[in-house]
Amino acid sequence: MLITSRGRVKTLLATGALAATTALILSGCGARAGDTVETTAPAAASCIDTTGDTIKLGFLNSLTGGMAISEKTVSNVLHMAADEINADGGILGKQIEYVQEDGATDWPTFAEKTEKLLTQDCVAAIFGGWTSSSRKAVKPVVEENNGLFFYPVQYEGLEASPNIYYTGATTNQQILPAMDFLASEGVKTLFLAGSDYVFPRTANAIIKLYAAELGIEIVGEEYVPLDKDDWTTQVAKIAEAKPDFVFNTINGSSNVGFIKAYYDAGLTPETTPIISVSIAEEEAPAMGHEVTGNYASWNYFQSLDTPDNATFIDAWKAYPGSSGVTSDPMEAAYISMYLYKALVEKAGSFEVDDVNAAAAEGGVTFDAPEGTVTLDGENHHISKPGHIGKINAENQFDIVWSSDGVIEPDPYLEEYDWFPADVRDALVTSAG
Amino acid sequence: MDGLIPPLLNGTAQGALLLLAALGLSLTFGQMGVINMAHGEFLMAGAFIAYLTQQVISSSDLSIPVALPLAFLGAGLLGLLVEVSIIQWMYRRPLDTLLVTVGVSLILQQAALQIFPAQGVPVEKPGWLDGQLAVLGYDWPLRQVFTLVLAALCVAALAGWLKYSSFGRRIRATVQNRDLAETSGVPTRSIDRITFFVGSGLAGVAGVAASLIGGTNSQMGTQYIIPAFLVVVAGGIGQIKGTIIAAWVVGVAMAYFADWTTGSLAQVLAFVLVVVFLQFRPQGLFTVRTRGLT
Amino acid sequence: MKNLKPWLPLIGIGVLALVLLAVAPSVLSMHWINNLGKYCCWAIAAVGIGLAWGRGGMLVMGQGVFFGLGAYSMAMHLTLESAGPDSLPIFMILYDPLAPLPAFWEPFRSDLFTLLAILLLPVIVASILGYALFKSRVKGAYFAILTQALAVALAVLISSTIRETGGDTGLSDFKYFFGFVLSDDGNKLMVYLIAAALLVVCLLVVWQLGRSRFGELLIATRDAEERVRFLGYDPANIKLVAFVVAAVMASIAGAMFVPIVGIITPQEIGASASILMIAGVALGGRASLFGPALGAMAIGWGQSSLGSSWPSGWIYILGLLFILVTLFLPMGLSSLVGKVTGLVWRPRATPTATTPAPEFTAPEFTEVKK
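Protein chains in written order, with our numbering: chain A, 6 to 437; chain B, 1058 to 1351; chain C, -2 to 367.
The set of hints was computed from the structure by calculation and includes no laboratory data. Misleading hints may appear alongside valid ones.
[Claimed, not checked] What follows is a set of in silico ranges between Cβ atoms, one per label pair, in the way DEER data are often shown:
| hint | chain 1 | residue 1 | chain 2 | residue 2 | range |
| --- | --- | --- | --- | --- | --- |
| 1 | A | T273 | B | Q1145 | 50 to 58 Å |
| 2 | B | V1113 | A | E420 | 49 to 57 Å |
| 3 | B | L1065 | A | E275 | 53 to 61 Å |
| 4 | C | R134 | B | S1116 | 51 to 59 Å |
| 5 | C | L116 | A | G410 | 13 to 21 Å |
| 6 | B | Q1145 | C | G176 | 35 to 43 Å |
| 7 | A | E413 | B | Q1171 | 36 to 44 Å |
| 8 | A | S189 | B | D1187 | 28 to 36 Å |
| 9 | B | S1116 | A | T276 | 25 to 33 Å |
| 10 | C | I125 | B | T1318 | 53 to 61 Å |
| 11 | C | W298 | A | S189 | 37 to 45 Å |
Since we're looking at a predicted model, the values are computed, not measured. Note that the Cβ used here is the ideal one computed from N, Cα and C, for glycine as well.
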């Protein structure tokens, strides 16, 4: 309003000039959708430097912001694994030189740092990430630059990228074993409680399908935002529904509020036990004794009795900055580093295409703390045993159920005919 | 019918926690005009003090009652430190207090993350809070009742202090007309400090209550700060009774919304409700007529 | 010399345009071009905040809402474009492969509709919101808290509507930008140049508004709303215009952010993102022309470089910046420039943007008018 006319002309002129410039820019350059250039541009020439006696690797974890709560430990374990490998002679005789970046719990930052690690630091591979959002931010960048990303956390599956290696569980290695365990316990009614975001919603969608198959009735489903601790209203509903079991896909500090509200309502593991997929040795202490007696489904527990686990635990306890306990995501991060070492040694090269080719040949294994794991060359996930642990008074887990040997990774649930084929096909097609 | 009772009672308790978090703000924001975005981190300080107290007094039956005054003192002193070092220079610039306290809050959060275990720490509830109270056919968890009682005690103490003590009289005098109060010999500077100390201390008490309900970690303050401000704004500044009613309404509304829809939608609806309400009563539920201070 | 002064800002804009559009592309690597593009987006939003807050006195703490409107409009369009005609975005297939595309997605297939939405959606939302808030004379801290609450509400809403919006994982993996392949370096440069050019346009708009009668009314409203009212103007309308312009700028910023960064999630529009947008404005100087833009770019750069080498330190530095700048330089770093050049130029008391404005925030304790 009330702009002097003289000024308006000037601005219009300037804007016009700019518009013209922009039009020039637009017409000047770039591939268009219709052009013959393939949609994923030819991978930029790799700038990985293998001439010296060191090799650069990137670590990308949130060291600040909300997710630092979980990701700091993963970063520490990665450092420990790298130090171990270095003390042992490195990878292909080269010492690991790591570049630690902070994802700052901010997904665009994850994308930015991935690009920086790949194009500025020229790292041979990146390790880290936690939330699915962080992985989804990283994915297009590693694919475009043909980099490698090792992701160490259990997640909702239904993904397989040629540039990502998933060392955490996919749904058929954590969610489905948990359901098998419930079926073996004779559970008839189940209540679903989750944080309101992608992992719980997807996990519960799969749980509902499998529950129908197993003859388990879902008697309720509640979601609360990730950053909200108060679960009293929802727990009152659980108390009213009186399910045989509660399936808990809550994440983060909200879990503490859930466990407290559950305990307060007079619900106990004897009458209405909870099975969780996000409470591990790291998280349980913050819930005190009120979580005792409930269950968790993981592929690794500190209490697992394997020779490699004892070594791993001792090494971690002695490592500076250690939290003293080991947990599934930490172990998966530890695996990711050694898996990369095994892949590179098999390939005899740090080049991404060589590493992927070595993976595709199959047979890459690592004697992990959870037992020997094998990489699936096609979907880049690893085989894992499934375990159910019961939380004891020391906030450690007593293993009460284990799967029959290791479970092969099946991110698209292809071996499960209750999973709608049209969904799978549509997903696979759109994923390319 | 009985499906209507649990949200009412739990919403009341939720409102009580919100009230505890907002009570301190209604002093520092309502009476002094300081927009303290670090209030949530003072609350966090209270929760960590409860944890530290439990490290010394291992019996949680005793440690929580001991932690309450300690948290008040600790968070109050933290507030006093911030007041003396920063806020006292900006009383004539209320919006700027918002910016500086955002800085304080960032620093306190990061410090807590580095000082304490990243995953957070456990605060055990006292054994005498185990169990439920049967109210109208609903087994109301005692922890919820405790929050309500604690909120009631804090309100009573604060109201009494403001109304009957000489400090309270001076605070009210300062709020109503700072210049006149100063001329009449009221030491407004020290009144400011005491008010800020008490307001921050109340956040500490709220922190103890919050540590019993949810997690105690570096991020815990962030979930309380916006709702608490909304409650103060909707209640009308300078009036505790407005804050009480607003907190109760928001708490109960959120519980019913959560019962009918989802926890996420409940939060969205409650926020929008307050914003819409303020269209019709931009000064909040109650307002106090003040003079001067312009 | 005497006549040059009013044109200095224009020269400044010209220099900035030259640096961003010509110098930067020729000296910076693609990685830094991309980063600079991201900073430009924040700078665009900051220019709007500078107008609303610095000159209009409205502390807009919820610019994430408008940033989100633009960003999600663009992201929905790019998602559909990447998915191809007649196919659903991946995340929707997951929850219900047979259900149709939600109705509000459908029009975003169109290029034109998307561009219009980016420009007009914020106008509509900001007009309704602003009209209601300003008419009922909500201001100061109330205004700040309410706008922030709305940003939080929108972020929570998006997080919880997973099939409709992608939830907290957001929208990502865009392949095309209006027909251009996004992974192509030439196209990335083009997207950057558009963002940079838009920043320059926004600066021109604010400069022009500042020179106009409206600009003077806006500052007058900020400093003495009552007096403006007594002079026969409606302060609500004046504030509304500034608020709407700021909203459009935030929306444009969000829209450009998407192709440059490649992902948008509710977190980018929530409370802390909205506050971070304020940080740059406060640092650079809220009431100056260049302060907000340069401040936002500095914060972005700090996050990229300092956040890299010393993550926890960066948070402390950011916190200290908030405190120290507000304490000692309430008008931001540009007021320092103003003071220094003031010594050299010894200007007459002209109302230039860099002159520290008197304290303006409307007091909270005004007598209630019924």
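These are the hints, each one checked on the structure:
{"no.": "1", "hint": "A/T273 with B/Q1145: 50 to 58 Å", "verdict": "holds (52 Å)"}
{"no.": "2", "hint": "B/V1113 with A/E420: 49 to 57 Å", "verdict": "holds (55 Å)"}
{"no.": "3", "hint": "B/L1065 with A/E275: 53 to 61 Å", "verdict": "violated (29 Å)"}
{"no.": "4", "hint": "C/R134 with B/S1116: 51 to 59 Å", "verdict": "holds (54 Å)"}
{"no.": "5", "hint": "C/L116 with A/G410: 13 to 21 Å", "verdict": "violated (60 Å)"}
{"no.": "6", "hint": "B/Q1145 with C/G176: 35 to 43 Å", "verdict": "violated (59 Å)"}
{"no.": "7", "hint": "A/E413 with B/Q1171: 36 to 44 Å", "verdict": "holds (41 Å)"}
{"no.": "8", "hint": "A/S189 with B/D1187: 28 to 36 Å", "verdict": "holds (32 Å)"}
{"no.": "9", "hint": "B/S1116 with A/T276: 25 to 33 Å", "verdict": "holds (28 Å)"}
{"no.": "10", "hint": "C/I125 with B/T1318: 53 to 61 Å", "verdict": "violated (24 Å)"}
{"no.": "11", "hint": "C/W298 with A/S189: 37 to 45 Å", "verdict": "violated (57 Å)"}
Figure legend: structure checked against the earlier numbered hints; hints not met, in rising order: 3, 5, 6, 10 and 11.
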